[in-house]
Structures are given as C-alpha cells and as structure tokens.
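Chemist: As a plain string of letters, each chain reads:
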Amino acid sequence: EAGVTQFPSHSVIEKGQTVTLRCDPISGHDNLYWYRRVMGKEIKFLLHFVKESKQDESGMPNNRFLAERTGGTYSTLKVQPAELEDSGVYFCASSQEPGLGEQYFGPGTRLTVT
Amino acid sequence: DAKTTQPTSMDCAEGRAANLPCNHSTISGNEYVYWYRQIHSQGPQYIIHGLKNNETNEMASLIITEDRKSSTLILPHATLRDTAVYYCIVRVETPGIKAAGNKLTFGGGTRVLVKP
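Protein sequences appear in the order of chains A and B. My numbering puts the first residue of the first sequence at 504, with every later residue one more than the last. My numbering puts the first residue of the second sequence at 1007, with every later residue one more than the last.
The shape of chain B in the complex, shown without the other chains (with noise of 0.2 Å):
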C-alpha cells in the first residue's frame, strides 16, 4: 500500500470547518483513499472513503486532488466530540476473498484538537 503524509496535530475552532490534508504521491490506480479516526480509549472508527471523485456522508466530505496525489478531509462543522486522530489510508480495494488489501495500514495520523 502506498504511504501516507499527515500533519502531526492540527487545532480547530468549535464550529468551524476542519480541513485535514494527505499526500499520498505514490497512490496507485486501484488504491482508495481511507479516512479513519481514533476518539480517545475507542476503536478507529470508519469516515468516509473514495477513488478519484468527491464523496460526502453524514460525518464529512473528501476532496480528492486530480492527479489523486492528495486528498482533504473535511469535517463541515468541529464539535468537540471531534477531538481524536485522524487516520488516511490508501489501500488496494478488490472483491473477493483472495483479495491483497484486506488489511489497513495505519500511520501516525493528524491529532486534532478542536478548541471551544
């Protein structure tokens, strides 16, 4: 799987937009960009994933550069609950049980504060 950079740590305002950068320049065409999240004392917790087009859910947006070097995450507005590490992962995503990217290859991730 390719390898990721994050910010170490990163404050937010409450309320505002937190915007969450990842470079990933050596991402391959079959490779998903990943976003998860570890609140404090919890298990990674899934966000949001996609390939080359914009997604957006309930939890947040992902905004994928067009040479897919790069990719932001985009929580619309912090609340402190928000306050964890974010993790980007880019990963193989085929069907099928003799699958290569079954597997999730965590970093350092962004610690993200976000501040009253």
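The shape of chain A in the complex, shown without the other chains (with noise of 0.2 Å):
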C-alpha cells in the first residue's frame, strides 16, 4: 500500500511569487490534512478535509493560504504572495477515520522563501 505522497519534496521560490504543494493520501482515507514546522517552531495544525468539505480551518494563518481537494482525492495547498515568514516544511497526513486511531503522514514538502 503506497503511503502519502507529497509534491514537490523542495521549493524555492522569491517573496511575492506564488508557490503550490501538492498531497496525495493514501487510497480510500477520505481525512486529510496539512500541517507546518516553519524554522525554530513546533509542527502545527494548518487544516482538515473530510472528503472535499473543510472540517477544520482553524490553523489557517491568513488569507494568503489557499488548500483546496477537488473530488476528494489529493490536495492542493496554494501560497500567494509568500512571505519570508512562510518558509518551513508542510506536512500532509491522512486517516481513515477523523477521529480515531493514528494519522499517516507525508515526508513533506521543505519550502524556502527568499
């Protein structure tokens, strides 16, 4: 069973531009979510999909972040503009169940804002 996937592994991209990760999870687990480590801090809840309905935004840090998962499959989490602030790993994760038992997660995505 291939585990969760994320694309691309390393992006570098300047201040203002416009950066999207991607996350595939594993088949079947309609809970998905996203979370970040950005430099020096702990890793932490951005958001939760059930299907493609929004569970939980709550982590969302502004209206510059964007997640999206169209047919309920694999996600899309868009940055624009970033911001020097936005640099650290993104993490997805997905479940079978929301609120049971362990989260799978991705190798994430590393994300460097110059």
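Just so you know, these hints were derived from the structure itself, not from any lab. Treat the numbers as computed from the prediction; the structure is a model and nothing was measured. Any given hint might turn out to be false.
Said to hold, decoys possible - Capping the alpha-carbon separation at 35 Å, the derived lysine-lysine pairs in DSBU-like fashion look like this:
no., chain 1, residue 1, chain 2, residue 2
1, B, Lys-1009, A, Lys-581
2, A, Lys-547, A, Lys-518
3, B, Lys-1009, A, Lys-544
4, B, Lys-1121, A, Lys-557
5, B, Lys-1121, A, Lys-547
6, A, Lys-544, B, Lys-1075
Take the two lone chains and join them into the complex the hints point to.
Modeler: As structure tokens, then:
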C-alpha cells in the first residue's frame, strides 16, 4: 500500500511569488490534514478535509493560504503571495477515521522563500 | 487538548531500553495519550496510543499511570535508527465526522539520541 506522497519535496521561491504544494493521501482515506513547521517552531495544524469539505481550517494563518481538495482525492495548498515567514516544512497526513486512531504523514515539502 | 511536558533531550545506549516520560496532569477522561516520532527529514510517524491500560505493539510499550497524569513510552531495545524526536500528544478521541479531536497538537518533544 502506497503511503502519503507530497510534491515537490523542496521548493525555493522568491518573496511575492506563488507556490502550490500537492498531497496525495493513502487511497481510501477520506480525511486529509495539512500541518507545517516553520523555522524553530513546533509542528502546527493548518486544516482538515473530510472528502472535499473543509472540516476545520482553524489553523490557517491568513488568507494568503488556500487549500483545496476537489473530488475528494488529492489536495493542494497554495501560498499567494509567499512571504519570508512562510518558509518551513509542510506536512500532509491522512486517516481513515476522523477522530480515531493514527494519522499517516507524508515526507513533507520544504518551502524556502527568499 | 491537554498540555504535555517532556524532557527536552535524552541519550540512550544502543541495545538498551529507552524510557521516555511524559506528564499530562490536566488530561481529561476522554483524552487518549498518543506517541509519534519524527526521524530527521521524514514526516511524523505514529508509534502507539492508549487510554488507561498499558499497551504494547511491535514498536514500543506504553505505560500509563493509574491516575493518568503521566505516561512512559518504552523502546525495548533501542537501535541507532530510533534516533528521533518523540512527541507525546493527548487527544480527544470520539468517532464521527464532527469529532473535536481530529487535529494533533505537537509540543517540543524529546530529542532522543541512541549511541553505539
């Protein structure tokens, strides 16, 4: 069984540019989560999809971040325009049940904004 | 979710048991204790979780005190590949889409270095 995959593994962009991160969850997992760790800080929750619906987006930092999950399969996280403080590692996770058991994490996308 | 307290770092000898403590003195009755770890440059990895009974799987054992205010993760025979940051997380666990405990709240964790 394939795990959670994320693309790209690393992205370097200039301040003001746009970047789109992609996450493919484990097949059959309706629940998809985005987290991030910015430099020197703890891993923080961003949002949670159940299929194509946003269940909880309380962790989204501001309106420069837009997450989508059209069709309830893969998800994208767009940052537009990117700022220096957006640099960090963005993780995606998926799970079968929303409030039970483990979440399976992808390897992360390292975003560097210069 | 309840706050957890873990030591910042600890060393362990290869082949020995590693005992990782976690305090969660404000844990509620419906909150589970979860352990994840993050090996360098990888995503967090689930290890084990429990409510009040001790739990064991192929990776580790989880010992929860009777009052549930603290727990210990035990890696029975640590290897060099167990070097990682270990996170103790308490989380409300209720089934259903409207569950309150969907997200994981990570703290600073314990940086474990397994030495040869």
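Chemist: Which earlier hints turn out false for this structure, listed by number in ascending order?
Modeler: Violated hint: only 4; rest satisfied.
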